[in-house]
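Model the placement of chain P with the ligands on the given structure of chain Y, informed by the hints.
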Amino acid sequence: MTRVATDILVVGGGAAGLSAALAASARAKVTVVDDNPLLGGQIWRAEMGKFNSPAAKGLVDAVNSGEIRVINNAQVFAAAARNTLLAETAEGRSEIEFEKLIIATGARERFLPFPGWTLPNVFGVGGLQALVKGGVPVAGKRVVVAGTGPLLLAVADYLRSKRASVVAIAEQTSASRLGGFAASLFRSPSKLVQAAALRAGLRGVPYSTDCWVSSAHGEKALEQVELKRKGRTSTIDCDILACGFNLVPNVELAVPLGCEITDGCVVVDKFQKTSIANVFCAGEPTGVAGVDSSLVEGRIAGLAAAGDQDGARSLFAKRDRARRFGEALNRAFALRDELKALADDDTIVCRCEDVAYGRLTEFENFRDAKLQTRCGMGPCQGRICGAATEFLFGWKPGSVRPPIFPVKMENL
Amino acid sequence: MTTFDAAIVGGGIVGAACADSLSAAGLSVCVIEASGVGSGTTAAGMGHIVVMDDSEAQFALTRYSQQLWHELVTELPTNAEFEICGTIWIATDSVEMSEVKRKQESYSEHGVESEILDESSLRTAEPNLREGLAGGLLVRSDSVVYQPVAARFLIDRAKRRGADVIVGKRVIEINGTGVKLADGEFIEAKNVVNAAGSAASDLSPGLKIVKRKGHLVITERYPNFARHQLVELGYLKSAHGKSADSVAFNVQPRSTGQVLLGSSRQFGAEDGEIDYAILRRMTSRAFEYMPLLRKLSAVRVWTGFRPATPDNLPYIGKMPAQDGIYVAAGHEGLGITTSLGTARLIADEILGRDSAISREPYSPGRDLIEH
Ligand SMILES: Cc1cc2nc3c(=O)[nH]c(=O)nc-3n(C[C@H](O)[C@H](O)[C@H](O)COP(=O)(O)OP(=O)(O)OC[C@H]3O[C@@H](n4cnc5c(N)ncnc54)[C@H](O)[C@@H]3O)c2cc1C
Ligand SMILES: Cc1cc2nc3c(=O)[nH]c(=O)nc-3n(C[C@H](O)[C@H](O)[C@H](O)COP(=O)(O)OP(=O)(O)OC[C@H]3O[C@@H](n4cnc5c(N)ncnc54)[C@H](O)[C@@H]3O)c2cc1C
Numbered sequence: 001m002t003r004v005a006t007d008i009l010v011v012g013g014g015a016a017g018l019s020a021a022l023a024a025s026a027r028a029k030v031t032v033v034d035d036n037p038l039l040g041g042q043i044w045r046a047e048m049g050k051f052n053s054p055a056a057k058g059l060v061d062a063v064n065s066g067e068i069r070v071i072n073n074a075q076v077f078a079a080a081a082r083n084t085l086l087a088e089t090a091e092g093r094s095e096i097e098f099e100k101l102i103i104a105t106g107a108r109e110r111f112l113p114f115p116g117w118t119l120p121n122v123f124g125v126g127g128l129q130a131l132v133k134g135g136v137p138v139a140g141k142r143v144v145v146a147g148t149g150p151l152l153l154a155v156a157d158y159l160r161s162k163r164a165s166v167v168a169i170a171e172q173t174s175a176s177r178l179g180g181f182a183a184s185l186f187r188s189p190s191k192l193v194q195a196a197a198l199r200a201g202l203r204g205v206p207y208s209t210d211c212w213v214s215s216a217h218g219e220k221a222l223e224q225v226e227l228k229r230k231g232r233t234s235t236i237d238c239d240i241l242a243c244g245f246n247l248v249p250n251v252e253l254a255v256p257l258g259c260e261i262t263d264g265c266v267v268v269d270k271f272q273k274t275s276i277a278n279v280f281c282a283g284e285p286t287g288v289a290g291v292d293s294s295l296v297e298g299r300i301a302g303l304a305a306a307g308d309q310d311g312a313r314s315l316f317a318k319r320d321r322a323r324r325f326g327e328a329l330n331r332a333f334a335l336r337d338e339l340k341a342l343a344d345d346d347t348i349v350c351r352c353e354d355v356a357y358g359r360l361t362e363f364e365n366f367r368d369a370k371l372q373t374r375c376g377m378g379p380c381q382g383r384i385c386g387a388a389t390e391f392l393f394g395w396k397p398g399s400v401r402p403p404i405f406p407v408k409m410e411n412l
Numbered sequence: 001m002t003t004f005d006a007a008i009v010g011g012g013i014v015g016a017a018c019a020d021s022l023s024a025a026g027l028s029v030c031v032i033e034a035s036g037v038g039s040g041t042t043a044a045g046m047g048h049i050v051v052m053d054d055s056e057a058q059f060a061l062t063r064y065s066q067q068l069w070h071e072l073v074t075e076l077p078t079n080a081e082f083e084i085c086g087t088i089w090i091a092t093d094s095v096e097m098s099e100v101k102r103k104q105e106s107y108s109e110h111g112v113e114s115e116i117l118d119e120s121s122l123r124t125a126e127p128n129l130r131e132g133l134a135g136g137l138l139v140r141s142d143s144v145v146y147q148p149v150a151a152r153f154l155i156d157r158a159k160r161r162g163a164d165v166i167v168g169k170r171v172i173e174i175n176g177t178g179v180k181l182a183d184g185e186f187i188e189a190k191n192v193v194n195a196a197g198s199a200a201s202d203l204s205p206g207l208k209i210v211k212r213k214g215h216l217v218i219t220e221r222y223p224n225f226a227r228h229q230l231v232e233l234g235y236l237k238s239a240h241g242k243s244a245d246s247v248a249f250n251v252q253p254r255s256t257g258q259v260l261l262g263s264s265r266q267f268g269a270e271d272g273e274i275d276y277a278i279l280r281r282m283t284s285r286a287f288e289y290m291p292l293l294r295k296l297s298a299v300r301v302w303t304g305f306r307p308a309t310p311d312n313l314p315y316i317g318k319m320p321a322q323d324g325i326y327v328a329a330g331h332e333g334l335g336i337t338t339s340l341g342t343a344r345l346i347a348d349e350i351l352g353r354d355s356a357i358s359r360e361p362y363s364p365g366r367d368l369i370e371h
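In order, the protein sequence lines correspond to chains Y and P.
So for the first sequence, our numbering puts the first residue at 1; every next one is plus one.
So for the second sequence, our numbering puts the first residue at 1; every next one is plus one.
Hints were generated in silico from the structure; no laboratory data involved.
Fair warning: there could be bad hints in the mix.
Listed below are the simulated EDC-like cross-link pairs for lysine to aspartate or glutamate, each with C-alpha atoms no more than 16 Å apart in a straight line [what the hints assert, rightly or not]: (1) LYS190(P) to ASP323(P); (2) LYS295(P) to ASP35(Y); (3) LYS408(Y) to GLU220(P).
As the structure is a prediction and not an experimental result, all values here were calculated from the model.
So here's chain Y without its partners, still in its complex pose (with noise of 0.2 Å):
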């Protein structure tokens, strides 16, 4: 067992943890933690250990050239008091104290259940655009994207450079919300650039709105999609099934803390302060808004927590800004009901324990299911079923037990 002592602990090493680490450096002892083997978080996820964007690697040298203190492949399982947080490593448990805390988590991939989402080579958008960033080839394969919101353009552009064949985007959005947030876009220009460079990059792809996948089928493993739109059914012949529903935020850290959780998200005021006293909270798990958000509101975090607070004000309109951004692009993306309708009875919705639909449906909350179904019970503890039967059937996720992640019994 290892034994850490920080002024200030930032959990999550992605945009919101890094710049909150590096704003508060100047004036107080800090500590990041990170799951992974090196920092950077979803969007910035290293490429065989290479940065291939410039912000990320200015962003992650700076906090490892500094004073701060970087514990990579360690994830914070459970809060042992206020003021401790346990941490599995490599070498075992590790306890870290700390004066105050910012919560920089990220979020999640939401999975919906359709016929056929749990065949082989059917993979989450992020999820995929890891395990390729990881090393697993795709050239050569023909890949559909379907879903919803800007991930599924990152993620086919990215697929397309690593030579695969994108045959087919599928946005379930329709045309008139998409235009209107398209034209949302001119009030920021920077973000226009973006989305016109990705959508010249897929140039031949065909992108349909209104769209989504309704089964998927194949003998062994995937080998076909079937997308609906508009009432009518077409089906493609592919390799991989890459889908996104919007992300989920990771919370699971900030409730075991007591911070207030509103519909979904951990409640912060203008310095990112949670309900809980020394406990601050930047990027996704505030709610999902994009990488300028988690960027910026990690500094106000870092400022703020280190104890500038006329520093954090002076990002404060920035931030609302980007926060609006957020919403506009929530309101454009969100779920459509008619995939509510998509699982049959023998859908499997809880993949850890094999619960299918049907069986659900005789549920009136997610407690009840849970206790007499076992859905949510697996390892993941219903981070996956849970964000699918809260869409599906508009239930509060149950709570998350600790350990928040699986550890070894000795770690505990």
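Just chain P with the ligands now, with coordinates in the frame of chain Y:
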């Protein structure tokens, strides 16, 4: 307005079993459960159905109840995961081996078969136990159940016989004519059964039920890592200590292949937070018996409150000098096992029938201070 034959407060395993027994006897029943069926201590327990010989009365009730579980087996749904996996009581040294022999004789006198295992047969039965343990006692007839499903099965069976089940409402007062709910509604009933578990004393002041907190850990799936419920022989010392916090080695194989590890006992701990100090005492104790447990992946830790009484026996039966009020609560760490026997005794008393075992040792009157 209807007057029920019986109103049952609490839809844990005990209340559910009472609803089942009373409705089977033809009584009209209403169950009032504040939160969710089987979601209280019942959801937190281990589901080991075990015969215990710590006192004559405990033996009688656990044995009787186990027989009732065995009668129920064919009707339980498969997801109740009922499995007769047996218990091995583990002895570490020769002193504990002599206790094993005593235990075997005592079980045998009461008609429960068991086998003494020596060091090598213990290792054969459970290869993941460490070497050098003295042996153990195998009781084949003990079993394991997934109790939230069992509780719901009992409630659903009562419902099919016409029972009313009200979920999400709290009872704030009980008397000989019925129960009063927090929202002001009064439900009339000729008999009231207080099966509110660790909250039973709130409704029946005078009962000496206190909460005894326990921790459990469950792992990912490791089929056949353990094959029987494994309990250290010193378990009773831990279970009956009255003041200090205690831990004991107690491992249960689930039909899913998961390993469920207990157990700790703490008095005076009112919040459900995980106490990492005692949790580590508990896991360290387990590693002494099964070193490989260290490397298993733990997916969840939780706590629960056993409803404990001063003499470790539940309160079952009529409250003295309170006509129409019955108690079925205070089952401590054995309530899953003894729920079925408890329900029969309650039904017998309400209906004026004889019981299969003496009801007297469990009478709530034994602890009440006379005024
Ligand atoms: C799978 C996935 C892929 C994405 N890909 C893109 C993309 O290509 N382009 C894009 O614009 N946006 C992408 N996003 C959105 C992206 O999350 C944001 O743009 C941005 O990364 C948010 O930064 P953040 O710091 O808030 O969170 P993150 O970048 O998610 O950073 C959080 C970090 O905390 C770590 N962490 C979480 N919990 C713990 C714990 N208990 N212990 C230790 N470490 C922990 C995480 O592993 C992660 O490294 C993706 C999101 C996901 C979920
Ligand atoms: C860690 C642990 C391990 C255990 N292992 C085992 C084991 O292996 N084998 C075994 O046999 N037993 C075991 N037990 C014991 C067993 O779980 C309990 O004895 C049993 O669950 C008690 O059931 P109950 O119905 O009395 O209580 P509960 O399940 O708590 O039910 C009482 C119900 O009453 C409701 N209620 C309370 N007050 C009111 C009110 N005013 N109005 C309406 N409703 C109300 C509650 O919401 C609750 O649902 C264990 C317990 C623990 C904590």
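message: Going through the numbered hints above, which ones does this structure break? Give me the numbers in ascending order.
response: Hint check: 2 fails alone, others pass.
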